[in-house]
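Student: Chains as they are written, first to last, in this note's numbering: chain A, 26 to 258; chain B, 4 to 299.
Simulated from the structure, these hints should not be mistaken for lab results.
It cannot be assumed that every hint is accurate.
[Said to hold, decoys possible] Computed footprint of chain A on chain B; a stretch qualifies when at least three of its residues, placed anywhere within it, have a C-beta under 8 Å from a C-beta of chain A:
| no. | region |
| --- | --- |
| 1 | 4-15 |
| 2 | 206-217 |
[To be verified] Calculated pairs, BS3-like style, for lysine-lysine (alpha carbon to alpha carbon, straight line, at most 25 Å):
| no. | chain 1 | residue 1 | chain 2 | residue 2 |
| --- | --- | --- | --- | --- |
| 3 | B | 12 | A | 80 |
| 4 | B | 298 | B | 15 |
| 5 | B | 12 | A | 116 |
| 6 | B | 219 | A | 80 |
| 7 | B | 298 | A | 83 |
| 8 | B | 298 | A | 120 |
| 9 | B | 219 | B | 5 |
| 10 | B | 265 | B | 12 |
[Claimed, not checked] Here are some chain A residues pointing at chain B (derived, C-beta under 8 Å):
| no. | residue |
| --- | --- |
| 11 | 54 |
| 12 | 113 |
| 13 | 115 |
| 14 | 132 |
| 15 | 155 |
| 16 | 158 |
| 17 | 162 |
Beta carbons: idealized from backbone N, C-alpha and C, even for Gly.
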Amino acid sequence: MEFIELKNVFKVYTNGVTALADANLSIEKGEFVFIIGQSGSGKSTLTKLLYREEKPTKGSVFVGGVNVSKLRDNNVYKLRRKIGVVFQDFKLLPKLTVYENIAYPLESYGMASKDIRDKVLSAVERVGLKEKIRSYPNQLSGGEQQRVCIARAIVNEPKLIICDEPTGDLDPKISQEIMEVLKNINKDLGSTIIMATHDKEIVNTMKQRVICIHNGVIVSDKKKGSYIENEDN
Amino acid sequence: MKIIRIVNKNFKDAFKSVFRNFSLSMASVSCTAITLILVSIALLVTYNVNSITEDIEDVLTIVAFVDNKATQDEIDAIDNELSKMENILDYQYNTKDKIKENLSADEDLKQILESLDENPIQSTFVVNVKDIREISKTANNIKNLNKVVSVKYGESLVNKLVSMFDVIRNACLIAVVALIIVTAFLIGNTIKITIFSRRNEIAIMRLVGTSNIVIKMPFLIEGAVLGLIGCIIPVLLTVYGYTFLYDFVGGKLFTDLIVLVKPSILIYKVSLVLIIVGVIVGMFGSLRAVRRYLKV
């Protein structure tokens, strides 16, 4: 079985909106995959199914051999420890410093502070924010805040990193820098990265696998190295 | 080690949050305090009533006087009836001759008794009861027996006092039950505010894979802390208030027969109960809030 597999997945929200219809997908370990589509096309739903923020209405979602859709609520945290999530709005805690924000998950796992320190420092170094470690989120630029968010996502060395529009609020130059960081993580740590975006420019420069969703249906799945033409999407 | 680190962090968070929502925390704390003061009164009254009833149960007996004309068969019938009656611990039959003999130990009485042609004393049944609250009922039952002329039993003051204490205790217990519900509700609301004020933090904890118990624990601890703070005044009142009252009345009420329980051990026992009740009510209140508002 592949690292990630979706089999005949349907997701219908309680308000009647069908966000995903009969989605079938498999992703290998170490892949870098873009999920593109317009707002409301279902790409966010797809990522949320992977970290079990949402349950599929029908079908099954496998992550690392585990049927996520059948995971009991009390065990969801075990899955989430193996997944790093990067958000468009960063979701940093304003009263904590950069260091504390990144250390936050590990502290809540009850890890020893020495181990936490080692892991946080290596994560901070990887995203290139070493000198800002004592700053607070409101003292950082958007790009820097996103790096903190990425550092927090990778601090526990997850096998899977899910990014939901990580460059949505950033200007193109900063977006490129963020993409470099993610690309290096994918290369150096071997983490699988799944990124939902509607930024065509990024997708075209990265030349990775691209899955396109339209109105909840997967309309195309292009192999690594491809471009999206303008007619698509 | 891992658990100690998590609990330590949660305790700090809990205390911080108690002071962050100070006014609401104080509402829960004062409600807890009032509840616990009533719990304390109920407990102290119960202990004293139990001790008083035990003390006077040994002293209180019913004496039933038997008609002098009663035949042996009729006396046996009374004996038989008594053995079947409820609430009777034991009883003893004293013949008038035996009583006369006992009384004759006193020289003056002996002279008086000997001066009389006939023994003026009536034979008696001396009855010990199980529950003195029922003593008047039992006495009436005995009085209604054939050939029983009259019954006498101990001070009715004691009886009235015990039933008054019972009323106080029952009233306290009812108030306690009602107040515990209100307190749990108030504490639950305080916790709800904390949950809302920390919802971003909770959302992040959920996303980064913090286990449910670790997410919930600070709120449960906060409830317990609220309960614990609510204990302070009731415990002080129990320890110093009861000691003061005991000294003030000199350890007994109205007569030497009614001796209060010494404060020494009692106040600590009651305080311990108060602390346990406070903490449990606090945790119960926060558990409700956590169940309802904290979706993990």
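Student: It remains to establish, for every hint, whether it holds in the given structure.
Tutor: Hints and how they fare:
1. 4-15: Held - the region 4-15 of chain B has 6 residues with a Cβ nearer than 8 Å to chain A, which meets the minimum of three.
2. 206-217: Since three or more residues must qualify, the claim that chain A covers the region 206-217 of chain B holds, with 11 doing so at under 8 Å.
3. B:12 <-> A:80: violated (32 Å)
4. B:298 <-> B:15: holds (23 Å)
5. B:12 <-> A:116: holds (21 Å)
6. B:219 <-> A:80: Measuring from Cα to Cα gives roughly 23 Å; hence the hint holds.
7. B:298 <-> A:83: holds (23 Å)
8. B:298 <-> A:120: It holds: about 23 Å lies between the C-alpha atoms, which stays within 25 Å.
9. B:219 <-> B:5: holds (17 Å)
10. B:265 <-> B:12: Violated: residue 265 of chain B and residue 12 of chain B sit about 42 Å apart, past 25 Å.
11. 54: Given a least distance of 20 Å, the restraint on residue 54 of chain A is violated.
12. 113: Not OK, violated: residue 113 of chain A not within 8 Å of chain B, min 13 Å.
13. 115: Check failed: Cβ of residue 115 of chain A comes no nearer than 10 Å to chain B, outside 8 Å.
14. 132: With Cβ-Cβ at 7 Å, under 8 Å, it holds.
15. 155: It is violated, given that the least Cβ distance between residue 155 of chain A and chain B is near 22 Å, above 8 Å.
16. 158: This interface hint is violated because 19 Å lies over the 8 Å limit.
17. 162: Hint on residue 162 of chain A: violated, closest Cβ of chain B at ~12 Å, above 8 Å.
Comparing the model with each numbered hint stated earlier shows that hints 3, 10, 11, 12, 13, 15, 16, 17 do not hold.
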